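Undergrad: As you go down the protein sequences, you meet chains A and B in turn. Position 374, counted from 1, in the first sequence is what this note's numbering calls 374; the numbers after and before it change by one each time, with no gaps. Position 77, counted from 1, in the second sequence is what this note's numbering calls 77; the numbers after and before it change by one each time, with no gaps.
Everything labelled a hint here was simulated from the structure, so no lab data went into it. The structure presented is a predicted model; accordingly, all values stated were derived computationally and were not measured. For every residue, glycine included, the Cβ atom is placed at its ideal position computed from N, Cα and C. Hints are not guaranteed to be accurate.
[Claimed, not checked] The calculated lysine-lysine pairs, modelled on PhoX-like cross-linking and capped at a C-alpha distance of 25 Å, are:
(1) Lys226(B) with Lys250(B)
(2) Lys226(B) with Lys190(A)
(3) Lys317(A) with Lys190(A)
(4) Lys255(B) with Lys151(B)
(5) Lys180(B) with Lys198(A)
(6) Lys131(A) with Lys163(A)
(7) Lys31(A) with Lys53(A)
(8) Lys131(A) with Lys198(A)
(9) Lys317(A) with Lys121(B)
(10) Lys281(A) with Lys131(A)
(11) Lys151(B) with Lys250(B)
(12) Lys400(A) with Lys121(B)
[Unchecked claim] Computed spacing ranges between beta-carbons, pair by pair:
(13) Met99(A) with Lys226(B): 31 to 41 Å
(14) Met99(A) with Ile42(B): 47 to 57 Å
(15) Asn123(B) with His73(A): 24 to 34 Å
(16) Glu225(A) with Asp200(B): 32 to 42 Å
(17) Asn55(B) with Met226(A): 47 to 57 Å
(18) Asn55(B) with Thr348(A): 55 to 65 Å
Okay, here's what each chain looks like letter by letter:
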Amino acid sequence: MMTNVLFTNARIIDPVALTDDIGAVLIRDGKIAEVFETMPEGVDATVIDCDGKCLAPGIIDVGVKVSEPGERHKESFRSAGQAAAAGGVTTIVTRPDTMVAIDTPETLEFVARRAALDAPVHVLPMAALTKKREGREMTEIGFLQDAGAVAFTDCDRVIADTKVFARALTYARSLDALVIGHVQEPGLSKGAAVTSGKFASLRGLPGVSPMAERMGLDRDISLIEMTNARYHVDQITTSRSLPALERAKRNGWHITAGVGVHHLTLNELDVADYRTFFKLKPPLRSEDDRIAVVQAVSDGLIDIICSMHTPQDEESKRLPFEEAASGAVGLETLLPATLRLYHADMITLPKLFRALSLNPAHLMGLTAGRMAVGAPADLILFDADAPFQLDRTQLLSKSKNTPFDGARLQGRVLGTWVDGTRVWGDD
Amino acid sequence: MTFRQQHLLGIEPLHPSEITTILDLADSYADQNRRNVRHEPILAGMTQINMFFENSTRTQASFELAGDRLGADVMNMAMQASSIKKGETLIDTALTLNAMHPDLLVVRHPHSGAVDLLSQKVNAAVLNAGDGRHEHPTQALLDALTIRRAKGRLHRLSIAICGDIAHSRVARSNIMLLGKMENRIRLIGPPTLMPSGIADFGVEVFEDMEEGLRDVDVVMMLRLQKERMDGGFIPSEREYFHRYGLDAEKLQFAKPDAIVMHPGPMNRGVEIDGNIADDINRSVIQTQVEMGVAVRMAAMDLLAQNLRAARKPDGVMV
Chain A
1 MMTNVLFTNA
11 RIIDPVALTD
21 DIGAVLIRDG
31 KIAEVFETMP
41 EGVDATVIDC
51 DGKCLAPGII
61 DVGVKVSEPG
71 ERHKESFRSA
81 GQAAAAGGVT
91 TIVTRPDTMV
101 AIDTPETLEF
111 VARRAALDAP
121 VHVLPMAALT
131 KKREGREMTE
141 IGFLQDAGAV
151 AFTDCDRVIA
161 DTKVFARALT
171 YARSLDALVI
181 GHVQEPGLSK
191 GAAVTSGKFA
201 SLRGLPGVSP
211 MAERMGLDRD
221 ISLIEMTNAR
231 YHVDQITTSR
241 SLPALERAKR
251 NGWHITAGVG
261 VHHLTLNELD
271 VADYRTFFKL
281 KPPLRSEDDR
291 IAVVQAVSDG
301 LIDIICSMHT
311 PQDEESKRLP
321 FEEAASGAVG
331 LETLLPATLR
341 LYHADMITLP
351 KLFRALSLNP
361 AHLMGLTAGR
371 MAVGAPADLI
381 LFDADAPFQL
391 DRTQLLSKSK
401 NTPFDGARLQ
411 GRVLGTWVDG
421 TRVWGDD
Chain B
1 MTFRQQHLLG
11 IEPLHPSEIT
21 TILDLADSYA
31 DQNRRNVRHE
41 PILAGMTQIN
51 MFFENSTRTQ
61 ASFELAGDRL
71 GADVMNMAMQ
81 ASSIKKGETL
91 IDTALTLNAM
101 HPDLLVVRHP
111 HSGAVDLLSQ
121 KVNAAVLNAG
131 DGRHEHPTQA
141 LLDALTIRRA
151 KGRLHRLSIA
161 ICGDIAHSRV
171 ARSNIMLLGK
181 MENRIRLIGP
191 PTLMPSGIAD
201 FGVEVFEDME
211 EGLRDVDVVM
221 MLRLQKERMD
231 GGFIPSEREY
241 FHRYGLDAEK
251 LQFAKPDAIV
261 MHPGPMNRGV
271 EIDGNIADDI
281 NRSVIQTQVE
291 MGVAVRMAAM
301 DLLAQNLRAA
311 RKPDGVMV
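Go ahead and model the full structure; you've got the sequences and the hints to work with.
TA: Following this line, the structure appears as structure tokens:
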């Protein structure tokens, strides 16, 4: 129900001004109508007393995998949408690495229709950059853009043929289309299950040097310089990549970068005795890398934090580590997990939401992601301190493959509003 | 005597006193085996299943003989020919087997961690007969017993492990075991066959074999897998033998009484000169095979004791 709502006594997280002060926010007709520094009186609205809890722009999660079409038993638009609402995610930007890949306007329209029917949050679909994500021929970038594709990516498959990638980037630039890449030197990382080093050797698992990420990044930066395309790196997870990224940004190339929540909060040792729920792509890194990447988010060098939500069923995880599928679900744990960084005094709340909401909105050309008058009323109310122990069976995602099962976390979403309509929490 | 393990999945979880316990018991089994003494049927009424998801002749035969000598009912399952070919997952295979109520499961699998995974799903005591590149604990134990019998001790020795360390579970288990027993460990091999992060293992690493062998008490050679010989990790078989193959010339850098070991099967002329392998004054390779049976008898004996203690009288796990 869309009415006027006045949030009072809210700790307003403003990722633009980088402030978090107590105030009030009025929403009207699905938009933010006014932001007050003191409590207003006589406003005609339903009042929600936030009791000092945090009110922030809803999270925009870039790179969510919903397993439709093809594997609806792992995740559907309904389950992903509900998980998103529960996790404070008001916009999901979906990946095209489904079975089949989303590489034609027809499949994209199917996804858009399913999403509109079933998901309580905004869904923005991405499309593949090459047909079947095979890295050989580019997709119909223009038609796909017309059908609503917000970005083009082959997800975790690196386009090894540089000529193919260069042409796709050049063509994408002519349409001002955003390309999202996975930086990893494909030869060096072939067959790897973990990051190379002492832990990999102790466990006898094939590892990849963290250098493979920088090699991939260096190549892609050269291609961006060549083509001047708009480019986003899905995940930067190692310290060695950071100087190259910094240099490319300083040179004025259209490059941004993201990082998954798991690489910000876990390290390679968490794999312990072959726990396959911790098998990710790229693999978890050293603690030094984790700290460097958190710092880069705080400094703004890494723009975006995402969940890299990747549903996998039990069968694909209950296998020997090398054979098990990669990826973890994250829509519902994105906020409490990132809040670990806030509670560890590694980053402030406004900077967290700069990476969770504002920057992804910029990247996708949305007016959401900020506490500004006229912006869509995509808001979340959360208690940053509320402690709980995660029980994976309670997740709303159809797949329960979270590395945080049994973990003690802080941060509960009390309410989620999409265009002014409450989609999570009780009034 | 202390031995608290429910399974023998690797050397890593073992306490040094547990290693000593196994070796002491294995020592007496070795003597009994030599004297052809009939063993007490300690494992009578127990079922031992050998599941080898990867080819093995020697290790499987050794485990079979060990179980046999202690009176167990031993069954071999050729896993490559059976259900995995039909698409059954490892866990389902484990559950199926578990329903047959085996007492001892001896497992070899090509993937690191697979034996660990399997052990979580069964009520039997699981012995790791080699998982991927991870561990091969009974091999390290039999090597340790061989060294202890030849050198009279298992501490403060200088031990060189040579060859393909990166892909070797034997090397990992040996590094772990010999380190726990406070020996000096030297790893010798080309850098392409060294695992990553090896400098953090508390070992010395040598690329030059003669330098690495200087004054060592034990020379442990590793097998070089055929598929790694050509171009990928080393330039060729002959260049490898020239630089890293153990011959009389290189061996003279070791102590005069240094022993030579090899887990088998050997590639004569690739990692070891045939004359060295057959030199009864230096090579203890046949003793290793002999100790293998004794160590596996000891390990199964100890695990069976713990298994009996953990079971209620009606045979159900507590």
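Undergrad: Going straight from one Cα to the other, do Lys255(B) and Lys151(B) come out at no more than 25 Å?
TA: Roughly 12 Å between the alpha carbons, so the hint for Lys255(B) and Lys151(B) holds.
Undergrad: Given the hint of 32 to 42 Å, is the C-beta distance from Glu225(A) to Asp200(B) inside that range or not?
TA: This hint holds: roughly 38 Å between Cβ atoms.
Undergrad: Check whether the Cα positions of Lys151(B) and Lys250(B) lie no farther apart than 25 Å.
TA: At roughly 21 Å apart (the allowed maximum being 25 Å), Lys250(B) and Lys151(B) satisfy the hint.
Undergrad: Measure nothing beyond the straight line between the CA atoms of Lys131(A) and Lys163(A); if it is 25 Å or shorter, mark the hint as holding.
TA: holds, 15 Å
Undergrad: Sort out whether Lys198(A) lies within 25 Å of Lys180(B), counting only the CA atoms.
TA: holds, 17 Å
Undergrad: Is 24 to 34 Å right for how far apart the beta carbons of Asn123(B) and His73(A) are?
TA: Holds, at about 31 Å.
Undergrad: Would you mind confirming whether the straight-line C-alpha gap from Lys281(A) to Lys131(A) stays at or under 25 Å?
TA: holds, 22 Å
Undergrad: Should the hint that Asn55(B) and Met226(A) are 47 to 57 Å apart at their CB atoms be regarded as holding?
TA: holds, 50 Å
Undergrad: Are the Cα atoms of Lys31(A) and Lys53(A) separated by 25 Å or less?
TA: Between Lys31(A) and Lys53(A) the Cα gap is close to 21 Å, so the pair holds against 25 Å.
Undergrad: Decide if the proposed pair is consistent with the structure: Lys131(A) and Lys198(A), CA atoms, cutoff 25 Å inclusive.
TA: Violated: Lys131(A) and Lys198(A) sit about 39 Å apart, past 25 Å.
Undergrad: Are the Cα atoms of Lys226(B) and Lys250(B) separated by 25 Å or less?
TA: Holds, at roughly 23 Å.
Undergrad: Just to be sure I understand the hint, the distance between the Cβ atoms of Met99(A) and Lys226(B) should be within 31 to 41 Å; is that true here?
TA: holds, 38 Å
In summary, the structure is inconsistent with hint 8 from the numbered list given earlier, while agreeing with all the others.
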